[in-house]
Amino acid sequence: MRGFTISDFLTMLAAVQWTATLVVLALAFGAPLALLLARMCTGRSRIARLVATGILQLVQGVPVLGLLMFFYFGMPVFLGIKVPALVSVGAAFTIFTAAFLGEIWRGGIQAVHVAQGEAAACLGLTRWQTFRHVIAPQAFRIALPATVGFLVQLIKNTSLASVVGFVELARAGQLASAATFQPLLSYACVAAIYFALCFPLTLWSRSLEDKLNGAR
Amino acid sequence: MALVEISNVHKSFGEVEVLRGIDLTVEKGEIVTIIGRSGSGKSTLLRCINGLEQINGGEIKVAGELVHSRSTDLRKLREHVGIVFQQFNLFPHMTVARNITLAPVLTGKIAKGDAARELARKVLAQVGLEEKIDAYPGQLSGGQQQRVAIARCLAMSPYLMLFDEVTSALDPELVGEVLKVMEDLATQGMTMILVTHEMNFARNVASKLVFMHAGMVHEEGRPADLFANPATPELANFISSVR
Chain A
121 MRGFTISDFL TMLAAVQWTA TLVVLALAFG APLALLLARM CTGRSRIARL
171 VATGILQLVQ GVPVLGLLMF FYFGMPVFLG IKVPALVSVG AAFTIFTAAF
221 LGEIWRGGIQ AVHVAQGEAA ACLGLTRWQT FRHVIAPQAF RIALPATVGF
271 LVQLIKNTSL ASVVGFVELA RAGQLASAAT FQPLLSYACV AAIYFALCFP
321 LTLWSRSLED KLNGAR
Chain B
940 MALVEISNVH KSFGEVEVLR GIDLTVEKGE IVTIIGRSGS GKSTLLRCIN
990 GLEQINGGEI KVAGELVHSR STDLRKLREH VGIVFQQFNL FPHMTVARNI
1040 TLAPVLTGKI AKGDAARELA RKVLAQVGLE EKIDAYPGQL SGGQQQRVAI
1090 ARCLAMSPYL MLFDEVTSAL DPELVGEVLK VMEDLATQGM TMILVTHEMN
1140 FARNVASKLV FMHAGMVHEE GRPADLFANP ATPELANFIS SVR
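So the sequence lines, in the order shown, correspond to chains A and B.
If you want the numbering used here, it's the 1-based position in the first sequence plus 120.
If you want the numbering used here, it's the 1-based position in the second sequence plus 939.
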């Protein structure tokens, strides 16, 4: 047994890079999927709407832990190959991000008045041009506070990856706790680091919200 | 060939039949004003002309092209048929200049940059708002926004302009400036179809007056004649109620 030292804390800080990796992966792959889902939900095709809405509802109704387990244990079974933990965990958070951001962005797109799309169409713009230049910029502004708010959720939820042994911030805390028998101190450090990551984002989201409300 | 040929157009929203066999032709250079009580189908008819609404029967031809045919490129058609809405529908996140030049640039009518800005300046001059070129819509009065919306249409050099109750959302003191712009367009020979409650405009500027009632063209003719001698009690009632 050994005491809790600064090097334990530094190890945790180093583990933040894996938390960050998960967040970046989830956003890099989840955000384009979210955009696709949001477009499908608000599009003309009935089938696309049904499919996208179904996916959103399904994923939102499953706990992130469930998604993690499914990809961690399921991918080797269904794909027949052993994948690194990073891949299965990354896939789970990608799906999580796609569903929740998809829902947020769907709301943003639908909050832009129908008449804006009509006006653009009446000027001879294609549907993509209308989305790109008229709908998306306005939807983005509306959805930005909620998007940043979701980022906070995502950062905190990556701690669940510790359950399958993926060493990120929370798992680093567990390891430190086990090595030092100082669970309270270890987890207090973990919590403090999460807070330091999330609190500025929360503040940013708030200020964005105020700006948006002020602009109306 | 007439510029707009509407024949036996039917249109329903669910169970409600709003257009019940409309026939109407508009020649090039004509200024046609559609009047009638709310719910008579005026705005719906206007929205059918540029394909914003589907129709359930009949046909509408604009410049010889069937608007509601699958083979018609509606997008191409709309580049030449401008519409101005009651609620302006400017793009709030763009400057006036960008509102005006977005469509001409994206549809390849004009190059980005100086040429586009020159176009914006030209059409803004037509509506008397050159100094607002870099303003955002939110910084303009209702009347100014509507004039920008008209300029935005003009930038596409349309051969037909549709006006859907364009002064109805304006404060009374702002109505005049918008009507003035429309009168100028009329004298320049623009073909216009308007739905309006401005009876003076209908009487003095329009070349043809159309009175819609219960989803049909109830009466049509020269404004002076219709106002002086309405043939039906419905139009007589309507005229006396809006005076």
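Any given hint could turn out to be false.
[To be verified] Covered by chain B, per the in silico footprint, the following chain A stretches (three or more residues, Cβ under 8 angstroms):
1. 218 to 226
2. 311 to 318
[What the hints assert, rightly or not] Computed list of chain B residues with no C-beta within reach of chain A, every gap over 10 angstroms:
3. S951
4. E954
5. T1011
6. K1015
7. E1018
8. G1021
9. Q1026
10. F1030
11. A1042
12. T1046
13. A1064
14. N1139
15. M1155
16. S1180
Please keep in mind that the hints were generated in silico from the structure rather than gathered at the bench.
All values derive from a computational prediction rather than experimental measurement.
Positions of the beta carbon are idealized from the N, C-alpha and C atoms, including for glycine.
Evaluation of the provided hints:
1. 218 to 226: violated (count 0)
2. 311 to 318: Violated: only 0 residues of the stretch 311 to 318 of chain A have a Cβ under 8 angstroms from chain B.
3. S951: holds (20 angstroms)
4. E954: holds (22 angstroms)
5. T1011: holds (13 angstroms)
6. K1015: With a cut-off of 10 angstroms, K1015 (chain B) comes too close to chain A, as the shortest Cβ separation is near 7 angstroms.
7. E1018: At about 4 angstroms from chain A, E1018 (chain B) fails to clear the 10 angstroms cut-off, so the statement is violated.
8. G1021: Violated, because the least Cβ-Cβ distance between G1021 (chain B) and chain A comes to about 8 angstroms, which does not exceed 10 angstroms.
9. Q1026: violated (6 angstroms)
10. F1030: violated (6 angstroms)
11. A1042: violated (4 angstroms)
12. T1046: Non-interface label fails for T1046 (chain B): nearest chain A Cβ at 5 angstroms, not farther than 10 angstroms.
13. A1064: holds (20 angstroms)
14. N1139: holds (27 angstroms)
15. M1155: About 26 angstroms separates M1155 (chain B) from the closest Cβ of chain A, which puts it past 10 angstroms; holds.
16. S1180: holds (29 angstroms)
Against the hints set out earlier in the document, violations occur for numbers 1, 2, 6, 7, 8, 9, 10, 11 and 12.
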